[in-house]
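*Asks:* Listed below are the residues making up each chain.
2 protein chains.
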Amino acid sequence: MNKLYNPKREEWEKLLQRPTQALEDIEQTVNDIFSEVRSKGDSAVSKYTDLFDGIKLDSFKVTTEEIEAAFGKVSSELKNAIQLAKSNIEKFHEAQKTPKVEVTTTKGVECWQEKRPIQKVGLYIPGGSAPLFSTILMLATPANIAGCKEIVLCTPPDKNGEINPVILYTAALCGVDKVFKIGGIQAIAALTFGTETVPKMYKIFGPGNQFVTVAKQLATKFHVAIDMPAGPSELLVVADDTADAAFVASDLLSQAEHGPDSQVILISTSEQMIEAVEREVELQLEVLPRKEMAQRSIANSKLIYLENKELAMEIINEYGPEHFIVCTADNDFYIEKNYKCWLCIYWKLHTGKCRRLCFRY
Amino acid sequence: MNKLYNPKREEWEKLLQRPTQALEDIEQTVNDIFSEVRSKGDSAVSKYTDLFDGIKLDSFKVTTEEIEAAFGKVSSELKNAIQLAKSNIEKFHEAQKTPKVEVTTTKGVECWQEKRPIQKVGLYIPGGSAPLFSTILMLATPANIAGCKEIVLCTPPDKNGEINPVILYTAALCGVDKVFKIGGIQAIAALTFGTETVPKMYKIFGPGNQFVTVAKQLATKFHVAIDMPAGPSELLVVADDTADAAFVASDLLSQAEHGPDSQVILISTSEQMIEAVEREVELQLEVLPRKEMAQRSIANSKLIYLENKELAMEIINEYGPEHFIVCTADNDFYIEKNYKCWLCIYWKLHTGKCRRLCFRY
Chain A
1 MNKLYNPKRE EWEKLLQRPT QALEDIEQTV NDIFSEVRSK GDSAVSKYTD
51 LFDGIKLDSF KVTTEEIEAA FGKVSSELKN AIQLAKSNIE KFHEAQKTPK
101 VEVTTTKGVE CWQEKRPIQK VGLYIPGGSA PLFSTILMLA TPANIAGCKE
151 IVLCTPPDKN GEINPVILYT AALCGVDKVF KIGGIQAIAA LTFGTETVPK
201 MYKIFGPGNQ FVTVAKQLAT KFHVAIDMPA GPSELLVVAD DTADAAFVAS
251 DLLSQAEHGP DSQVILISTS EQMIEAVERE VELQLEVLPR KEMAQRSIAN
301 SKLIYLENKE LAMEIINEYG PEHFIVCTAD NDFYIEKNYK CWLCIYWKLH
351 TGKCRRLCFR Y
Chain B
362 MNKLYNPKRE EWEKLLQRPT QALEDIEQTV NDIFSEVRSK GDSAVSKYTD
412 LFDGIKLDSF KVTTEEIEAA FGKVSSELKN AIQLAKSNIE KFHEAQKTPK
462 VEVTTTKGVE CWQEKRPIQK VGLYIPGGSA PLFSTILMLA TPANIAGCKE
512 IVLCTPPDKN GEINPVILYT AALCGVDKVF KIGGIQAIAA LTFGTETVPK
562 MYKIFGPGNQ FVTVAKQLAT KFHVAIDMPA GPSELLVVAD DTADAAFVAS
612 DLLSQAEHGP DSQVILISTS EQMIEAVERE VELQLEVLPR KEMAQRSIAN
662 SKLIYLENKE LAMEIINEYG PEHFIVCTAD NDFYIEKNYK CWLCIYWKLH
712 TGKCRRLCFR Y
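Chains as they are written, first to last, in my numbering: chain A, 1 to 361; chain B, 362 to 722.
Worth flagging that the hints you see were computed from the coordinates, not collected in a lab. Small disclaimer: the values here were computed from a predicted structure and weren't measured. Hints may contain errors.
[Claimed, not checked] Taking beta-carbon pairs under 10 Å as the criterion, some of the chain B residues facing chain A (in silico):
#	residue
1	Val-462
2	Thr-465
3	Glu-475
4	His-584
5	Ala-586
6	Asn-699
[To be verified] Going by beta-carbon spacing under 10 Å, a handful of chain A positions derived as facing chain B:
#	residue
7	Leu-15
8	Cys-111
9	Lys-149
10	Lys-221
11	Phe-247
[Claimed, not checked] If you want the footprint, here are the derived chain B segments under chain A, 3+ residues with CB under 8 Å:
#	region
12	445 to 459
13	476 to 488
Note that the Cβ used here is the ideal one computed from N, Cα and C, for glycine as well.
Please construct the entire structure, taking both the sequences and the accompanying hints into account.
*Replies:* Written out as structure tokens, the structure is:
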């Protein structure tokens, strides 16, 4: 990992650059696929599924039989874990419901605000190297609680034209109406324009690699809303000398293994912690099933020492991480001064060190 | 105005196309200006201010003297009206504050959500053909209530290098920290990258023409957040035979006069209302100070008859208007079935016909 000690302010911008492929290359590809899917529909989707996923498919829609078969292939233990996670996520999102806000600003002028379900939402679930069923739980659960009428899901097929049964089980459990075996740019294009098979959606949610991210940004030009440009995945951990280096290393690796273009950064006010985390990352990497993937993204990643928490916070705000974990003696400081995120979701674990995590919105 | 009776479903997409210039032309211009402002800072901003606004400026920052002078140039009557509007807007946004949401999902796992101010926000206020001081009120007031630390504003200078005093008065009243005489693409680029004069912002808010809209979308690729792609301005009014044609015509014209690329659409389940509104628009256009501007955007606009409210609602959801006014005997129907908007802001006027308005978010 790259270690940097007290980098100068003028070097921060360069230092914090995301490891994304040249934007222009990606954009050309995304534009081309969008216009082809727009004009040719399913046949273009089929062409790019063959090209990128290596499988010729006549039909993209997952059948009832496939979903039923998936239920038989997931272990009871995993099913129970998924149901428990769903119930926890439901508790959290149920608590978000807010009443209508009504104000009479002037006699005769009644104003109000209300939150309402978007009728048609498309979820994108990456599936290239890992079945992200947790993402289905986190996207489809609030969509159901909000009352969205039509929830469809796109996820790339494997080389045999199949979807991981855990994905299908979780989608069915969470009330997803339709699942399509479509990945990457062609999935976002299909949800944007609609095809013979895929319905046109009002808003697209979900993470993805840099191609998916650029595709989602392009979708907004065609009046489709998106949640946020959410990929490639990134994590910043701030840790002082009170943190547990093994936990910090695990957190960094858990994000690093998402994909080779993920980025993880450790900011620390302790030189010892930087050294300790570096050693722990090396140790834990050895026993990681997704070692190769994590190693490639660890190569993009940085351990940065800053001499005080004010400077540490400045560089964190300069970067504006997608995910942010705080493991310090003064967690409140890092939470209060986190200025780029307007809607923060935190949790605190009482097992082991106190940790907090925030998502950028 | 173009009148259409019961257009077929397969014609809707074409019919509802926005009157935007070819996207590719705009994008090239926006990309070029962004990379020049990024590498050359103020000197690039100066070049494009000369080119687009026709004025060579050595300094973009509005001085304290200019702001003080502006206070003397705004009539007491207008000042009182602006203060009243500010106080109404404050009442509305104060009511939006929500408490922290805390949930313990599992023993030992405390989760919470909180809304927090974004530290650095940039407001874009169009000024080409009309000083939109109302937009300052609507953007800076909630930013202040939220607690944003740094609020800066960009607005284009006139041919003499000046800003309308009402803009300066309103900005000062609303606690805007700095005002820059910069408009269009170069303003969004300056807020995105920062220059010697303009600070780099975390989020950019505000409407604009199609160039500003494309520029804001480009800003998101450089990790700057935006409120929404908000321009060119558009309005859809739905009216049945209980509506007042003069009010409907005024609403349509009020949006049409925003700019020549604005679009207004009337959806009606009454053929008589279509005819009556068309006559009223012609009558009212004659006495409109901004007649020429409104006329050009009225040429882009459509009066569409649909035979029942279900069909009317379907076409409204297909379009997803930025602003939506409802003047019918069954307003609740049109509000309840408005599916593309997740956060709706409505108001109801008790003078005259009941009207409701929603903003797409």
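*Asks:* If you check each hint against the structure, which ones fail?
*Replies:* 7, 11
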